[in-house]
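**Student:** Protein sequences appear in the order of chains P and L. Letter by letter, the first sequence follows residues 1 to 152 in the working numbering. Letter by letter, the second sequence follows residues 1 to 152 in the working numbering.
Just so you know, the hints here were simulated from the structure itself, not pulled from any lab data. For each residue, glycine too, the CB sits at the ideal point set by N, CA and C. Check the hints yourself; a few may be wrong.
[What the hints assert, rightly or not] Simulated restraints on C-beta separations: (1) 53/P to 12/L: 36 to 44 Å; (2) 147/P to 3/L: 40 to 48 Å; (3) 59/L to 41/P: 49 to 57 Å.
[Said to hold, decoys possible] Examples of chain L residues toward chain P, derived with CB under 8 Å: (4) 12; (5) 14; (6) 98; (7) 137; (8) 140.
[Unchecked claim] Stretch by stretch, here's where chain P covers chain L in the computed footprint (C-beta under 8 Å, at least three residues): (9) 35-43; (10) 69-75.
Protein chains: 2
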Amino acid sequence: MNLTEKQKVLIEKLGVFNERSGMTPVEGRILALLIVSDVVELTFDEIKELLEIGKSTTSNALNMLQIKGRIEYITKLGDRKRYFRVKILNWEKQIEQRMMAMLAMSDLMKEVLANRSDKTPEFNKELTKLNQFFDFMREEFSESFFKWKNRK
Amino acid sequence: MNLTEKQKVLIEKLGVFNERSGMTPVEGRILALLIVSDVVELTFDEIKELLEIGKSTTSNALNMLQIKGRIEYITKLGDRKRYFRVKILNWEKQIEQRMMAMLAMSDLMKEVLANRSDKTPEFNKELTKLNQFFDFMREEFSESFFKWKNRK
DNA sequence: TATTTAGTTCTACATTTGCAGAACTAAATG
DNA sequence: CATTTAGTTCTGCAAATGTAGAACTAAATA
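Start from the sequences and build out the full structure, keeping to the hints where you can.
**Tutor:** Here it is in structure tokens:
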């Protein structure tokens with residue numbers, strides 16, 4: 001098992017993307033590896049060797065990725081090793097959660113607004129409008145996700 | 001100019017929220033201050049004193065927040081100080097950009113898919129479905145943003 | 001032109017983060 | 001029951017990050 005140059009480049013590219021959405025470099029690359037590799041189920045040691053990373057790093061990253069719900073492992077009869085793979089179907093949920101998390105500011109904003117003096121009506125009006133934007137988007141997004149889930 | 005206990009709590013709360021979306025603690029708190037404070041335009045020194053932070057920290061954070069498009073400053077005739085305030089109207093654009101950035105993975109995914117062998121048809125099918133999800137969402141979101149901008 | 005003002009840049013430092021390698025552990029195997 | 005296997009936990013370190021304070025600068029003021 002080894003990687004083509006093209007695959008290595010793709011892993012780095014996807015790795016950087018993953019870093020920017022809150023993973024460590026190694027986490028990002030492990031996830032990328034599991035998406036790019038032609039072997040879709042890789043063992044601890046294969047991951048470690050392919051990415052040339054330390055044992056503890058591999059262990060910790062794999063555990064984090066599991067906690068975050070991005071990967072899982074299966075086992076095979078008569079084989080003690082764990083075979084890790086991405087939980088692709090979870091991605092939609094991931095995206096949904098993160099979108100909604102972004103719009104969660106709405107609640108905080110309402111709290112801020114409730115505490116503002118009425119001596120800055122213009123500012124308050126803008127904040128109110130922003131709030132309406134959040135509410136609107138939350139509604140729209142739920143609808144979109146619903147629409148996707150229930151498509152034929 | 002000083003803050004109520006309630007305001008201080010709100011600033012910390014919003015501050016933590018901001019930290020989690022990629023700002024330093026101080027950046028997050030400055031932005032929070034400018035949203036929570038009843039005085040909507042604050043000077044360098046007011047910000048520094050209210051948040052009890054260093055001069056260089058204040059300077060760097062204010063510059064970063066301007067680069068990120070989150071704040072701006074105005075000046076007053078016969079007054080050399082800068083008066084900083086949030087660019088609230090930019091928030092919608094911020095949200096839009098970040099949403100779209102999340103879905104930008106779609107392009108990367110297509111590249112990955114193009115490079116996968118056809119020996120893993122099931123996996124590839126799932127990836128394809130994920131891609132369709134991204135495309136669908138991108139379309140939906142653009143529509144939603146458009147709808148918001150053109151509402152009466 | 002000396003001083004003050006409003007802010008920037010430089011230097012230093014403490015904290016946090018990410019990773020490696022060694023030591024360890026629990027289960028399976030010889 | 002000694003050894004191997006498959007991983008986890010511990011220890012330490014190098015680099016990055018976030019902040020403070022001092023030194024500096026450019027413009028305005030006395």
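**Student:** Mind listing which of the numbered hints don't hold for this structure, in increasing order?
**Tutor:** Numbers 4 and 10, in rising order.
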